[in-house]
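Sequence order for the protein chains is A and B.
So in this note's numbering, spot 145 of the first sequence is number 145, and the numbers just go up one at a time.
So in this note's numbering, spot 272 of the second sequence is number 272, and the numbers just go up one at a time.
Calculated directly from the structure, the hints in this document are not laboratory data.
The hints are all genuine.
Here are the simulated EDC-like pairs of lysine to aspartate or glutamate, each with C-alpha atoms no more than 20 Å apart in a straight line:
hint, chain 1, residue 1, chain 2, residue 2
1, A, K88, B, E316
2, A, K89, A, E36
3, A, K24, B, D310
4, B, K204, A, D75
5, A, K24, B, E316
6, B, K46, A, D143
7, B, K204, A, D48
8, B, K51, A, E146
9, B, K46, A, E135
10, B, K46, A, E112
11, B, K228, A, D75
12, B, K51, A, D143
13, A, K85, B, E316
14, A, K85, B, D310
15, A, K47, B, D209
16, B, K204, A, E74
The following residues of chain B were derived to be distant from chain A, with all beta-carbon distances above 10 Å:
hint, residue
17, V25
18, V30
19, R131
20, L135
21, D136
22, R158
23, V201
24, G274
25, M275
26, K378
27, K383
28, F391
The calculated label-pair distances, taken between Cβ atoms and stated as ranges, are:
hint, chain 1, residue 1, chain 2, residue 2, range
29, B, M187, A, R62, 57 to 67 Å
30, A, K34, B, Q246, 40 to 50 Å
31, A, P35, B, N180, 50 to 60 Å
32, B, G274, A, R141, 41 to 51 Å
Think of the CB as a built atom: it goes at the ideal place given N, C-alpha and C, for glycine as much as any other residue.
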Amino acid sequence: MNREQVLVDLKTRFTEDIIDTIDKSEKRVYIEIKPESITRVARYIFKDLGARFNIASGVDVRTHFEILYHFIVEDINLIISLRVKLDKKKPEIDSLAVIFKGANWIEREMHEMLGINFKGHPDLRRLLLPDDWPEGVYPLRRDYKEWDKGSIRDRGV
Amino acid sequence: MGRTIVPIGPYHPLQEEPEFFTLTVEGEKVVDIDVEVGYNHRGIEKLSEQKTFDQAVFLVERICGICSTSHPFAHVRAVEDVIPMEVPERAKYIRTIIAESERLHSHLLWLGLAGHFLGYNTVYMWAWKLREEVLDAMEMMTGNRNNYAMFKPGGVRRDINIEIATEVIRKIDSIVPTLNMLKKAVMDDPVLHARTKGVGVLTKEEAIDYCALGPTSRCSGVARDLRKDSPYGAYDKVEWNMIVTQNGDVFDKVVLRVLEMYESIKIIKECLLGMPEGEIDANIKSIPPGEGIGHIEAPRGECFHYVRSDGTNTPERHKVRAPTFMNLPTYKSTIIGETISDATIILAAIDPCYCCTERMAVRDTKGKKVYNGEELIKLSQAKTEKLKEKFKC
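Here chain B stands alone, though its shape is the one from the complex (with noise of 0.2 Å):
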């Protein structure tokens, strides 16, 4: 295994998450993988430690570059837990309408990703397109298009006034067609069907072993979502359903995350319509020893943060878990068994970050022959141009 490892420290300066996945294959077969992560720890539990509860939050907010709201969000939750207390009404809904915006971006980011991986640079550059519109919409309310700081331990750092609102709904209304259009592609494309349809089949068994989290669970069938049974924010106070889908494939996991992003339209527009007049912030004073859990549903799952405070300013431990951590680990059961081809796909499916693929190697048993990142998606995207042609269209 050791020797098919690239040497260097897989930094790369445009993406996250870098991770390196051995997979043993027989002839197009996977018959195993191993993963490798932590090229990328930067020690930030050990670094929240020097850092004041106040602090904390910019801190975690730059874990990750796309979850730069759950982070936050989870961690002061776990900061409120602590005392334990509940903030203002209108600060509730304005943190629901910037974690739902994050939810919508996210999962265009994704969308975009899995076409371009699938051979469908169209639908690549029109979802990245809409993102853009998103992410408009959130620099309008954040005055910053990630890395928003937002989020306070008591409350939040910004008001939202009726001029941005109204303005913000007419951004987000602004994507629904082509939203559809997409939507529309995706379930009529037969190419697309044959492509993903009972490929990286996760089982509800295997999902709920693996303790998976978010669309990677719920696409299995495992009814679960924070935002429903945990309710936090405003997510109790407005209509919405949570997506379930049955099959765990990968085409269960681009559905499920397309209707979500309707869901997530549905509950910004309702929130910034019903937002309660009031205070935003709750003024914390102190932090008393204690304990407290702050947990989120961030778009790739539950988002976990635990904070022990010894009545100072700085916490004792600060424990962080993201959803991926949980998610990483189903590859096990997922591409055993499926060809390279699909390999990048099924990979790319729980949404890890764009990386992943890219730091791929493949060898076979022999341990000859080796692919890199660019040549497995252009190996997907060789697949469906053959079944472009089958089918005709």
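Isolated chain A (complex conformation) (with noise of 0.2 Å):
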């Protein structure tokens, strides 16, 4: 399949799912979809289109959460990337790392830095934040704060 086969096939396939797609250049898609479809879709993106998964953005857009998983089509040059918006009160999604093992270190990374719970990750663990690290707080938080004033680690020196 061509690149605009390989769209509109997304298209029809997962109407009910995409929110909004934007075309934005020839080698970049960005897809918007629900949250509950992530797994339908990447499944079919992965096993099906043989698209490997580069890896998962999160960002802390004040109003909500952002997590956008690159995929890259190396037949076509095309990443496709999945926007997913979560809620701030409640940030949760399913967890992609049973689908493909290549999710399963992103998705712990997430989980640390912006508290973004993954349901069905089978290994939830912290894996860059250190042990005393406390609970609850998230570093790429927007409204993360230096919380052990005398630790040299938070002040970027």
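Hints given; two lone chains; assemble the complex.
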């Protein structure tokens, strides 16, 4: 399938799930989907389209959280970024780590950095933050405040 | 598990990427592995939100000392993708030359370390001597042996003139005879074959499932290389081959990297000779609101940056994904079932940084015996010595 066919195929297959599509450039397309559809759409893109999972980027956009799941379809040189918007009060979404192992670590990272809960993740331990980091402090959130005034680590020295 | 973890922050002043592995073994056999990372987490993504797009290049350059081209390259491509724009042709060629020289020195560094782990200290010395030549060439082109400061959104900071180009070609050519010797040594040595063939196999299915990248996936038969699939820089303008091997074991990983070096030499020379004249910088005035993705093929695999701009001179979000982030978890499928003496070389085979193996601890299921990194390297070298006697060489 070429680029247009892939996009049309996604649109017809997931009419219910897709909220918005931004066709940014020849190599980039951003598709906003409903959070509850993520496993279905991601499974199709990964297993059936044969895309590779690049990574996911979690963003705190003040009013809500956003996760972008980047997939690259190498045959047609196209990066499909699935965008989901999550409620700030209860940020949670289904885990993709059960579909492919490549999503395991990044979900652990987003869990500790932004406090997003991944339902069904096999092993949601901390990945990068130290053991003495307090619960409920998420460094990549907008409202993050320096929590340990005596710590060199927090001063960026 | 918690008891075996070394309780001090494993910072090593000389090396980057400290990681902590806990291997569970039964007799000689590895039955489980757990890896801990994060000792070197410096909050670069958060820091980058406070830097302007120009400053952030210098910041991401310092993520890794070896990959000090990959991160800036991916980052500037992400910033350019926000606009979106194309950089001048000459800048593309210069970027390609720098990126390939980096691949060359990175692979040489790895080859040396692999030799050391296996008990071939001569390979280690030779490879690192060759690497010096490449670093000298880098210094001539950029002014620095590492952290080159060549990249900026829109182009590059320094031009390469004809005198430097000739000298660089001479330097690069001078390493080829020794590289041929090393290649022959790798291909013909029966001990090396016995040590690395069929060891630490990553199957094609697993490589896809783990989303493994670069040489780690290419040696398992996944014929994917961003330089071919999603050409950037001058990669679509020069002749070169993608190297793919099929077995996924340590031997294939060595061979693949050795062969890739020849391709890099080819690309560097062709780019230096074929550089078009013209501007090297597009002079970007401002970055509009929007988001951009930049990815390049680093020596270890795809390096991925995502940048979101809100129209000011600093990004709203900057996501960095280094290739080892995807390659590291493959340990789970390569190391279980192998012996401890092979563990070091399997862990080194995906080319994480050296200190990974330094930080490894081994215990048996009864929780008693613990090896440290040095003892493991000795164990690995002793196995090679035994094989050398067996093959009488």
